[in-house]
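Starting from two chains that each stand alone, build the complex the way the hints lay out.
The chain contents come next:
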Amino acid sequence: GAVVSQHPSWVICKSGTSVKIECRSLDFQATTMFWYRQFPKQSLMLMATSNEGSKATYEQGVEKDKFLINHASLTLSTLTVTSAHPEDSSFYICSATRQGQLVYGYTFGSGTRLTVV
Amino acid sequence: AQSVTQLGSHVSVSEGALVLLRCNYSSSVPPYLFWYVQYPNQGLQLLLKYTTGATLVKGINGFEAEFKKSETSFHLTKPSAHMSDAAEYFCAVSEAPGYSTLTFGKGTMLLVSP
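Going down the list, the protein sequences come from chains Y and W.
When we follow the numbering used here, the leftmost residue of the first sequence carries the number 1, and every step to the right adds one.
When we follow the numbering used here, the leftmost residue of the second sequence carries the number 1, and every step to the right adds one.
Bear in mind the hints are in silico, worked out from the structure with no lab data behind them.
Positions of the beta carbon are idealized from the N, C-alpha and C atoms, including for glycine.
Be aware that a few hints might be false.
The calculated lysine to any residue pairs, modelled on SDA-like cross-linking and capped at a C-alpha distance of 20 Å, are [stated by the list, open to error]: (1) Lys14(Y) <-> Val116(Y); (2) Lys41(Y) <-> Gln42(W); (3) Lys106(W) <-> Gln42(Y); (4) Lys41(Y) <-> Val112(W).
Pairwise CB distance ranges, derived in the manner of DEER restraints [stated by the list, open to error]: (5) Cys13(Y) <-> Lys69(W): 44 to 52 Å; (6) Thr77(W) <-> Val117(Y): 39 to 47 Å; (7) Met45(Y) <-> Ser12(W): 25 to 33 Å; (8) Ser83(Y) <-> Ser3(W): 27 to 35 Å; (9) His82(W) <-> Trp10(Y): 24 to 32 Å; (10) Ser110(Y) <-> Ser113(W): 43 to 51 Å.
Isolated chain W (complex conformation) (with noise of 0.2 Å):
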């Protein structure tokens, strides 16, 4: 079975500091990962993905996550933090290959001051 560790339901950062939201997985098989932004009364928007290969993800609007698989990790970080992203994220596991469902953590809220 799998399952996702989300540490922190709420972290708070000034704008222009490190974001960085931790994510711990469980899986029996090599996993699929990914992060998710939510902003508020809207769908889930794919920030970035790891399938294979780099474990160093890249995504968009500057996030990055690396994939850890000692740690059984995939934590999300940007180096500067803005104002715009402040929103619910989620981390999710998916096992491989093939298809299967998302599990998904319990989501962090990420808080942004000026």
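Excised from the complex, chain Y in its bound form (with noise of 0.2 Å):
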């Protein structure tokens, strides 16, 4: 079945560096992947949807040069938070889909534990 690889699964950073997030499709070519945050206790709620070899389409709100979205292959996708701060500090889970394939469904990352102090 398809599998999505996301790393790290959690992640210490001091306020003011920056964290890398990698979600990896394993064994299918992930034409589009999402990337969402949850917070304790809450939904997912969808950051922005990234199209291999395009840029990601934003949801409103989420910041563009904070959240950095790079989706150059059909089986990578990052997410590199800028600047962390406190406030940044959230479950970060990643899901990969074929397009125009819906019938497979989203498979989803484990998530990635983000503290920053």
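This is the structure we're talking about:
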């Protein structure tokens, strides 16, 4: 079955530094990847949608310059949290799908717990 | 626009009892519907999905859901709860055909007592 690998599982960084989170599709070509943010005891909030080779589409209210998304290949998308601050602490989850093949559904990574101190 | 409503942020059952988690959706086109389970500090695992065809969908771990268009519902059930079923459950909708983003409900925490 489809597998999405997300790394790191958890990261602690100092305020003002940048953190990169990787999302890889291991056994399929992910034409589209999604990045979500989840606050404690809440649902997933879509941050952005990225298509391979194109600029990401950000949801309203999400800062493009703070959350840099790169989807350079069909198997890898990265989310970089730039100049992180404590309010960026959260659980970040990626998911991937094959465009036009929604019957395969969406496959989620295992998530990244970011703590900014 | 699509939306999902999950009734009840928490549902408590005894081990061995029936599990019923409710989900209603709104969609302007025929929907694709999903149920996901999330354990603490983990990603989402697909339980089952409805795309087209048979309206009663069977998933993993003994769960099933029935798509009822007239009621715009996609409730999740399991005949007998197990302690390991305790987790957060999310219902989600995506508009078919083609590709679209997932819209999630707020989630329902299932608590299972011995």
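Here is what the structure says about each hint:
With a CA separation close to 6 Å, the supplied pair Lys14(Y) and Val116(Y) stays within the 20 Å bound. Taking the CA atoms of Lys41(Y) and Gln42(W), the gap is near 13 Å; set against the 20 Å cutoff, the hint holds. For the proposed pair Lys106(W) and Gln42(Y), the alpha carbon gap of about 6 Å is at most 20 Å, so the pair holds. With a C-alpha separation of about 18 Å, the suggested pair Lys41(Y) and Val112(W) falls inside the 20 Å cut-off, and the hint holds.
Checking the proposed 44 to 52 Å range against Cys13(Y) and Lys69(W) shows it holds: the Cβ atoms sit about 48 Å from each other. For Thr77(W) and Val117(Y), the hinted distance range of 39 to 47 Å is satisfied, since their beta carbons lie about 43 Å from each other. A beta carbon spacing of about 27 Å between Met45(Y) and Ser12(W) agrees with the range 25 to 33 Å that was offered as a hint. In this structure the hint that Ser83(Y) and Ser3(W) lie 27 to 35 Å apart at CB holds, the actual value being about 34 Å.
Remark: the range hint 24 to 32 Å for His82(W) to Trp10(Y) is upheld by a beta-carbon distance near 28 Å. For Ser110(Y) paired with Ser113(W), a C-beta distance near 28 Å fails the hint of 43 to 51 Å.
Of the numbered hints listed earlier, the single one contradicted by the structure is hint 10.
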